[in-house]
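Participant: Residue numbers (this note's numbering), protein chains in the order written: chain A, 1 to 324; chain B, 1 to 363.
No lab work stands behind these hints: they were computed from the structure.
Each hint should be verified, as a subset may be incorrect.
As the list claims (entries may be wrong) - Here are the simulated lysine-lysine pairs, BS3-like style, with alpha carbons at most 27 Å apart:
(1) B:Lys350 x B:Lys248
(2) A:Lys322 x B:Lys248
(3) B:Lys358 x A:Lys253
(4) A:Lys253 x B:Lys178
(5) B:Lys178 x A:Lys322
(6) B:Lys358 x B:Lys248
(7) A:Lys322 x B:Lys135
(8) B:Lys358 x B:Lys237
(9) B:Lys135 x B:Lys237
(10) B:Lys248 x B:Lys234
(11) B:Lys248 x B:Lys237
What the hints assert, rightly or not - Facing chain B, from chain A, some residues (calculated, C-beta under 8 Å):
(12) Ala82
(13) Arg87
(14) Ser102
(15) Ser160
(16) Ile161
(17) Trp174
(18) Ala231
(19) Leu268
(20) Ile272
(21) Ala293
(22) Thr299
(23) Leu303
(24) Gly305
(25) Pro312
As the list claims (entries may be wrong) - From chain A, some residues computed to sit far from chain B (all C-beta separations above 12 Å):
(26) Ile9
(27) Leu81
(28) Gly88
(29) Ala101
(30) Val107
(31) Phe133
(32) Leu177
(33) Phe182
(34) Gly200
(35) Arg235
The beta carbon of each residue, even a glycine, is placed where N, CA and C say it ideally should be.
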Amino acid sequence: MDLASFLQILDSTIRLATPLLFACLAGLYSERAGVFDIGLEGKMLVAAFAAAAASYATGSVWLGVLAGVGAALVFAAIHGLASITFRGNQLISGVAVNFLASGLTVVLGASWFQLGGQTPALVDGMRFAEITFPFAASANESGDLGLLGGIYSHVLSGHSILVYVALACVPLTWWVLYRTRFGLRLRAVGENPAAVDTAGVSVTGLRYAAVGITGVLCGLAGAYMSMGLSAGFLREMTAGRGYIALAALIFAKWRPWYALMACLLFGLLDAIAIRFQNIDIGVVVIPVQFTQALPYILTVIILAGFVGKAIPPRAGGEAYVKER
Amino acid sequence: MDKLPRWADVVLVPLICLIIAFAFCGILIAAIGQSPLQAIWIMIDGSFGSTNGLGYTLYYATNFIFTGLAVSIAFQASLFNIGGEGQATLGGLGVALSCLLIPWPHWSLALLGSLAAGAAFGAAWGFVPAWLQAKRGSHIVITTMMFNFIAYALMNYVLVNLLRPMGSMDPASARFDKAYNLPKLGDILGLVGIPFSNRNPANISFVIAIALAVGVWALIWHTRLGYALRAFGKQEKAALYAGIDPVKITIYALLLSGGISGLMAVNAVQGAAHRLVLNSVEGAGFIGIAVALMGRNHPFGIVIASVLFGFLYQGGSQLAMGTTIPREVITVLQALVILFTGALPYMVQKPLEHLFAKRGGAK
């Protein structure tokens with residue numbers, strides 16, 4: 001493999017890891033606060049649709065982002081209502097949210113745009129422009145770059161703004177979670193909500209805040225899918241990425257920096273599967289299906305505790321009932 | 001607060017949830033500029049108006065009875081198996097291998113072989129997550145979900161690389177021997193003189209599914225194992241104290257659940273498609289969740305709810321053919337049913353409890 005294709009794979013790794021990273025961090029806030037969320041997929045999907053639809057209608061990519069985040073927030077509110085206020089089953093609510101997004105996007109899309117569920121292709125101005133770093137363009141023209149120059153101009157430069165926002169969210173999440181009062185309370189409410197309640201802090205408020213952040217981040221993930229990664233919405237375009245993000249979250253054991261690593265790893269697997277199909281490594285041929293299934297297999301292994309134990313937040317999945 | 005009378009819990013709560021879900025969908029259909037009344041009429045006419053439509057309805061219902069029973073057995077032990085999709089996919093592989101590799105002398109023996117192979121493959125796919133949950137404490141919801149995706153990748157590999165006939169581009173197995181085709185429901189009803197269309201995929205599996213529902217009912221409420229499952233589901237610590245082994249119960253529950261999911265393939269793969277295709281389950285594994293919730297976790301309720309969802313499925317495809325309303329309206333309805341019966345039970349139940357408590361107080 002030459003340098004150019006190596007750089008190309010790293011470049012698509014970053015692109016493909018971005019929606020995973022947004023969704024993974026989204027799940028992190030919710031689950032750290034004790035609300036399981038298997039509805040990441042649905043929130044991403046509905047956000048991708050709303051973003052593309054609004055961007056097409058208004059011609060503004062930023063209004064698209066706003067619509068995407070708004071739609072994801074509405075779905076997050078449904079999940080919050082079911083799992084916090086009405087103390088329903090959080091897992092079932094997540095399943096419902098996924099189906100709701102899957103059905104609603106096609107029904108609305110088909111009747112609004114008459115294209116069988118997809119939005120018209122988005123042209124420039126309706127989708128994110130690529131940001132080229134200083135000197136990266138001139139470096140491209142000069143040809144020989146070397147490894148570091150290549151990484152700078154091909155891998156790091158030339159993405160849309162949301163890619164950098166996603167990367168910035170990692171240290172930000174770390175800081176919020178471990179260095180702020182809100183973060184401490186958020187983690188506490190996922191481990192021992194009774195203690196938080198005793199300290200006079202609202203469990204319900206904290207959990208709604210966490211679910212809200214989850215909605216915003218899922219909205220960004222979806223907006224990137226339909227306006228960054230591709231140019232428009234296609235039915236079922238998230239294609240299980242919400243579940244891969246969930247897998248990455250477990251793989252990262254609910255910690256932000258590890259989440260970045262896990263998402264990059266799963267993004268890399270995705271990039272390899274797209275580019276190479278079956279990989280011949282001499283002794284055996286690795287089928288593409290194996291590369292596609294690897295994130296799930298790795299997550300099961302991690303969950304089984306054979307390689308380090310993944311322990312979820314202790315109060316996860318349980319609604320808090322105030323003692324009287 | 002007083003609990004609801006039983007009839008209200010079993011009939012009224014699901015009914016109200018269903019009415020809310022239908023109302024939402026009606027608003028949705030009206031919002032996209034179509035007539036909800038016309039839509040519901042097309043659905044009813046298409047799924048119950050002729051014996052052919054009814055056949056399709058019952059064919060879909062058969063799939064959902066299997067997957068619904070599968071989900072409900074795990075629910076009894078307080079285990080949420082959302083891996084029905086993957087287990088039924090593997091069941092399909094078992095049925096296909098049995099039909100392709102073994103030269104059965106008669107369809108009835110082929111049916112027995114398919115039942116055994118489908119159940120065994122489905123159960124095996126349920127076993128791993130069960131073992132991981134029981135022994136290693138891995139959350140069963142996450143592992144069964146991961147196993148759905150692994151099953152899909154495995155099926156893709158097997159069909160593309162191993163089972164695809166030479167020269168075919170389609171990722172599907174060869175057709176099974178025609179002699180293994182299961183008797184159609186129309187043929188069976190014809191024997192007793194009831195005229196029933198033969199041009200639909202409804203087959204003898206429907207009878208098997210009904211028998212299985214009775215079997216599951218007997219198992220849950222009239223056997224030692226069923227008692228252990230329910231005890232474990234209600235109060236794990238008490239069950240442990242009574243000498244019920246949590247590891248065994250978890251594994252039994254998922255073996256049963258996975259095996260019943262796998263049986264779905266007898267209907268879909270041997271009974272209808274007569275070959276193994278990539279997506280033979282078509283989401284029926286997930287509908288099992290809705291069916292189990294709607295049927296209040298009781299085999300009788302599950303059969304009723306399955307027929308309801310069979311109607312929605314068949315009606316949905318009629319909608320897609322007869323109007324410009326996409327069949328995904330059904331997915332929305334399904335989501336709302338899951339949401340209201342599964343995730344928001346208190347929203348309907350609490351006001352009802354208030355109502356009944358008030359009425360009781362007035363007496």
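Participant: Next, verify each hint and record whether it holds.
Facilitator: Quick rundown of the hints versus the structure:
A threshold of 27 Å between alpha carbons decides the hint, and for lysine 350 (chain B) with lysine 248 (chain B) the separation of about 36 Å lies outside it, so the pair is violated. The straight-line distance between the Cα atoms of lysine 322 (chain A) and lysine 248 (chain B) is roughly 35 Å, outside the 27 Å bound, and the hint therefore fails. For the hint linking lysine 358 (chain B) to lysine 253 (chain A), the alpha-carbon distance of about 49 Å lies beyond 27 Å, and the restraint is violated. Between lysine 253 (chain A) and lysine 178 (chain B) the CA atoms are separated by roughly 52 Å; this puts the pair beyond 27 Å, and the hint is violated.
Between lysine 178 (chain B) and lysine 322 (chain A), the direct Cα distance comes to roughly 63 Å. Violation of the 27 Å bound is thereby established for this hinted pair. Simply put, lysine 358 (chain B) and lysine 248 (chain B) have alpha-carbon atoms about 45 Å apart, too far for the 27 Å limit, and the pair is violated. Of the supplied pair hints, the one linking lysine 322 (chain A) and lysine 135 (chain B) is violated, its CA atoms being roughly 33 Å apart against a limit of 27 Å. With a CA separation close to 36 Å, the supplied pair lysine 358 (chain B) and lysine 237 (chain B) exceeds the 27 Å bound.
The straight-line distance between the Cα atoms of lysine 135 (chain B) and lysine 237 (chain B) is roughly 17 Å, inside the 27 Å bound, and the hint therefore holds. The straight-line distance between the Cα atoms of lysine 248 (chain B) and lysine 234 (chain B) is roughly 16 Å, inside the 27 Å bound, and the hint therefore holds. At most 27 Å may separate the alpha-carbon atoms for a hinted pair to count; lysine 248 (chain B) and lysine 237 (chain B) meet this at roughly 15 Å. With its C-beta approaching chain B no nearer than about 4 Å, alanine 82 (chain A) sits inside the 8 Å limit, and its interface hint holds.
Proximity of arginine 87 (chain A) to chain B holds as hinted, the smallest CB-CB distance being about 6 Å (cut-off 8 Å). Annotation: interface hint on serine 102 (chain A) holds; nearest CB of chain B at approximately 6 Å, less than 8 Å. Nearest Cβ of chain B to the Cβ of serine 160 (chain A): about 28 Å, over the 8 Å cut. The hint is violated. For the restraint placing isoleucine 161 (chain A) at the interface with chain B, the shortest Cβ-Cβ distance is roughly 31 Å, beyond the 8 Å limit, so the hint is violated.
At about 24 Å, the closest approach between the beta carbon of tryptophan 174 (chain A) and any beta carbon in chain B exceeds 8 Å, and the interface hint on this residue is violated. A distance limit of 8 Å between C-beta atoms decides the matter here; for alanine 231 (chain A) the minimum to chain B is near 23 Å, and the interface restraint is violated. For leucine 268 (chain A), the shortest C-beta to C-beta distance to chain B is roughly 17 Å, which exceeds 8 Å, and the interface hint is violated. Given hint, isoleucine 272 (chain A) at the interface with chain B, is violated; its Cβ is 14 Å from that chain's nearest Cβ, farther than 8 Å.
Among the interface hints, the one on alanine 293 (chain A) holds; its C-beta lies about 4 Å from the nearest C-beta in chain B, closer than the 8 Å criterion. Annotation: interface hint on threonine 299 (chain A) holds; nearest CB of chain B at approximately 6 Å, less than 8 Å. For leucine 303 (chain A), the interface hint holds, the least distance from its beta-carbon to any beta-carbon of chain B being 4 Å, beneath 8 Å. Taking 8 Å as the C-beta cut-off, the interface hint given for glycine 305 (chain A) holds, the closest approach to chain B being about 5 Å.
Residue-level restraint check for proline 312 (chain A) holds (minimum Cβ-Cβ distance to chain B is 7 Å; threshold 8 Å). Distance to chain B confirms isoleucine 9 (chain A) as a non-interface residue, since its nearest Cβ pair spans about 21 Å, more than 12 Å. Listed as outside the interface, leucine 81 (chain A) is inconsistent with that label: its C-beta sits roughly 8 Å from the nearest C-beta of chain B, within the 12 Å cut-off. The claim that glycine 88 (chain A) is not at the interface with chain B is violated, since a C-beta of that chain comes within 12 Å of its own (minimum 4 Å).
Some Cβ of chain B comes within 12 Å of the Cβ of alanine 101 (chain A); the nearest lies about 8 Å off, and the non-interface call is violated. Valine 107 (chain A), annotated as away from the interface, has a beta carbon of chain B within 12 Å; the closest lies near 5 Å. For phenylalanine 133 (chain A), the shortest C-beta to C-beta distance to chain B comes to about 36 Å, beyond the 12 Å cut-off, and the non-interface label holds. Every C-beta of chain B lies more than 12 Å from that of leucine 177 (chain A), the closest at about 22 Å, which supports listing it as non-interface.
For phenylalanine 182 (chain A), the requirement that its beta carbon stay farther than 12 Å from each beta carbon of chain B is met, with the minimum near 27 Å. With a minimum CB-CB distance of about 26 Å to chain B, glycine 200 (chain A) clears the 12 Å threshold, and the non-interface call stands. Here arginine 235 (chain A) does not stay apart from chain B, with its beta-carbon only about 8 Å from theirs, under the 12 Å limit.
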